[in-house]
Structures are given as structure tokens and as C-alpha cells.
Amino acid sequence: MSKTVVAVLRGGPSSEYDVSLKSGSTVLRHLEQSPLNEKYQPVDVLISRDGQWHRDGYERPPARALAGADVIFNALHGQFGEDGGVQKILDDISLPYTGSQAFASAVGMNKLLTKKIFQQAGIKTPYYIVIRHNDDVREKYDQIFHSFLLPFIVKPARAGSSVGVTIVKKYIDFFSALEAAFAHSDTALVEEYIRGQEATCGVIDTFRNQTRYALPPVEIVPPTTSQFFDYRAKYGGGNEAAQERCPGNFSPAQKQEIERAAIAAHEALGARHYSRTDFLVNPQRGIYALEINTLPGLTDASLLPKSLDAIGASLGDFFDHVINLARNEK
Numbered sequence: 026m027s028k029t030v031v032a033v034l035r036g037g038p039s040s041e042y043d044v045s046l047k048s049g050s051t052v053l054r055h056l057e058q059s060p061l062n063e064k065y066q067p068v069d070v071l072i073s074r075d076g077q078w079h080r081d082g083y084e085r086p087p088a089r090a091l092a093g094a095d096v097i098f099n100a101l102h103g104q105f106g107e108d109g110g111v112q113k114i115l116d117d118i119s120l121p122y123t124g125s126q127a128f129a130s131a132v133g134m135n136k137l138l139t140k141k142i143f144q145q146a147g148i149k150t151p152y153y154i155v156i157r158h159n160d161d162v163r164e165k166y167d168q169i170f171h172s173f174l175l176p177f178i179v180k181p182a183r184a185g186s187s188v189g190v191t192i193v194k195k196y197i198d199f200f201s202a203l204e205a206a207f208a209h210s211d212t213a214l215v216e217e218y219i220r221g222q223e224a225t226c227g228v229i230d231t232f233r234n235q236t237r238y239a240l241p242p243v244e245i246v247p248p249t250t251s252q253f254f255d256y257r258a259k260y261g262g263g264n265e266a267a268q269e270r271c272p273g274n275f276s277p278a279q280k281q282e283i284e285r286a287a288i289a290a291h292e293a294l295g296a297r298h299y300s301r302t303d304f305l306v307n308p309q310r311g312i313y314a315l316e317i318n319t320l321p322g323l324t325d326a327s328l329l330p331k332s333l334d335a336i337g338a339s340l341g342d343f344f345d346h347v348i349n350l351a352r353n354e355k
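Okay, so the sequence shown: first residue is 26 according to the numbering used here, each after it adds one.
Hints are supplied without guarantee of correctness; some may be wrong.
[Claimed, not checked] Between beta-carbon pairs, the in silico distance windows are:
{"#": "1", "residue 1": "A146", "residue 2": "H79", "range": "36 to 42 Å"}
{"#": "2", "residue 1": "D160", "residue 2": "D342", "range": "46 to 52 Å"}
{"#": "3", "residue 1": "N234", "residue 2": "P308", "range": "48 to 54 Å"}
{"#": "4", "residue 1": "E84", "residue 2": "R310", "range": "41 to 47 Å"}
{"#": "5", "residue 1": "D75", "residue 2": "E354", "range": "28 to 34 Å"}
[Stated by the list, open to error] Pairs of lysine-lysine, DSSO-like flavour, derived with a Cα cap of 30 Å:
{"#": "6", "residue 1": "K165", "residue 2": "K195"}
{"#": "7", "residue 1": "K141", "residue 2": "K165"}
{"#": "8", "residue 1": "K149", "residue 2": "K194"}
{"#": "9", "residue 1": "K64", "residue 2": "K331"}
{"#": "10", "residue 1": "K331", "residue 2": "K280"}
{"#": "11", "residue 1": "K194", "residue 2": "K165"}
{"#": "12", "residue 1": "K331", "residue 2": "K47"}
{"#": "13", "residue 1": "K113", "residue 2": "K141"}
{"#": "14", "residue 1": "K280", "residue 2": "K141"}
{"#": "15", "residue 1": "K28", "residue 2": "K64"}
{"#": "16", "residue 1": "K47", "residue 2": "K113"}
{"#": "17", "residue 1": "K64", "residue 2": "K113"}
{"#": "18", "residue 1": "K141", "residue 2": "K64"}
{"#": "19", "residue 1": "K113", "residue 2": "K28"}
{"#": "20", "residue 1": "K149", "residue 2": "K195"}
{"#": "21", "residue 1": "K149", "residue 2": "K165"}
{"#": "22", "residue 1": "K149", "residue 2": "K331"}
{"#": "23", "residue 1": "K47", "residue 2": "K64"}
{"#": "24", "residue 1": "K149", "residue 2": "K280"}
{"#": "25", "residue 1": "K195", "residue 2": "K141"}
{"#": "26", "residue 1": "K28", "residue 2": "K280"}
{"#": "27", "residue 1": "K28", "residue 2": "K47"}
If you are wondering where the hints come from, they were derived from the structure by calculation, not from laboratory data.
Heads up, the beta-carbon is just placed ideally off N, CA and C, and yes, glycines get one too.
Start from the sequences and build out the full structure, keeping to the hints where you can.
Structure below.
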């Protein structure tokens, strides 16, 4: 019986290049191990920071880099890999791939569009104001001053792994925070700061006899060196790493609502195969959805693997399941 050739995409021209390398390496490692190595032949396809595709150490156009593949495992993150860019290329080549399709990916990567869809679907999300690069910043500052109490959040509309996100504690710091956000996107969001527990919840399609299976929510406790679950807290080590508790310290009602909202977000955006939605849990105000990740990280430090481990599912089983979902939708 011939093996299924799985091309694993990793790297990519985004600020999450290094994270994607690790996610892709995790996928490759599991596909090479028994028993998955009996059914899969993994192929490493690296996309460089400047967007060039490589296979076997040689630069190749996408169609040649993917030649002979039966299915693509998309382990990219951020721009191009998670915003619909690579999905359009794969659709043109007519190869099945894991993860959401182009439209849902593009929406999920855009925090503004995501928040609008959350609102339409009745999913609570923090109050926000949009600022575009060509707006009158002084005029927007006046609007911010009259609309937000300190502290508040400034974040790029299109970026992942919390890059370019700032908690503004003094109004005068608004301008530098906006500059940091614009370094990653031409549109920024100013968002109310809601105090509470940080949480995240993964969703998997057609898993364990459920059309949408919500994984147990993870409670995220940022380290004292970080004000929130930023890039350093996500991927740093030692004292810089966040505590990630699964199952999290949530009441049964909170857990149920987080899982319900994660499934609602997955369905509202039209996400496919799997996703992970981030939340803030405030005891008085309730549960607020922040954003959805249509290609959440799969590194050893990532959150989705922790949720899988909590329910006794291995990463290998998860990869096998997702690959089968992609192949069956060809």
C-alpha cells in the first residue's frame, strides 16, 4: 500500500516565521514516527522570509515544490499563511490542504472584520475604535480621550502572536503605541481593557462523534514580567513563560459558556478543521471573545497541544484526523 505524501508548509513571510518553523517541525516529527510513518510520507516545504518556496534545499515555484503531494499540511502562521494568501495558491493548484479556506482565513486574520462578525453572531467582544494610517491622529486622540478610561489596548488589525500590541496606561503613550501597531498593519484597533482571566479554547471539526468538538478551555496566567499574554510570554522560557493551566480554573458555567462561544466563533467565521479562540473572563461583566486563530500554533509550547493532552488525545492522532478531513474534502 502506497503512503500518502504530505507536504508540510512552514516558515513564511510574516513576523511569526520562527513559530511556524517550530510548528512545522512538530508536524514533520510526528508524521515520521510510528505508527504514522506507516501511512504518511512527509515532505518539508520551506517558505523563506522573502516568500520563496524551497524543497530539498532548492528554490522552486509553488507547483513544483508541491509536486507529488497528495495533501498539504499548512503549518504557516500570520500574514500569507493565515490570511488567505497561501490558500488561494493551493486552491489554484487544486491540492487539498488543512485548515480554513481563503475567505475564512482572511476574515480571521483581520481583527476588525472578526469583531464585526462576533457582534453579528451575538458573541460579546470588547468595545473598540478603528484608526487607519491616513486618519487625523490628533482628531482620533480626542475621540480616544473622551471614549476610553485608562488603561486601554492598542493593537494592529492584521497580525498574530500579540505582536505590536500595547497596553496604554498614560494618554501620552497613545502615539507610540499607535506607531508600534502601524509597524505591522495599516489599520489599528483601540480597545477597552477588560480585567479578568485570560482563556483560550480550541474547536475541532467532526471529532469524537461531535460535529464541533470544543476542547477544554486553557487558563493563561501571564508572568510578572509581562502585562498580558504577549509574544515573550507565549514563546519565552523560564520566568518569562506564562502559566497555562488545562483544565483552567473556571466555574462549570464559565467553562460551558467559553466552549459555546468558541464553537459559535468557529461557525460564524466559517472556519474549517480546527481553530482556537481567545477570551477574557470577567466575573461581573461576563466572557468576551478577543480574536480567533484559524491556524493556532503547534509547537511544544503551544496551547492547542495542551488541550489535546488534557483529553487524552495525542498530537499524532490530531494530525491524522486533520489530514483525513482535508483529503475527504478534495
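Open item on the list: So, against the hints stated earlier in the document, which numbers end up violated here?
Closed with: 3, 4, 18, 26
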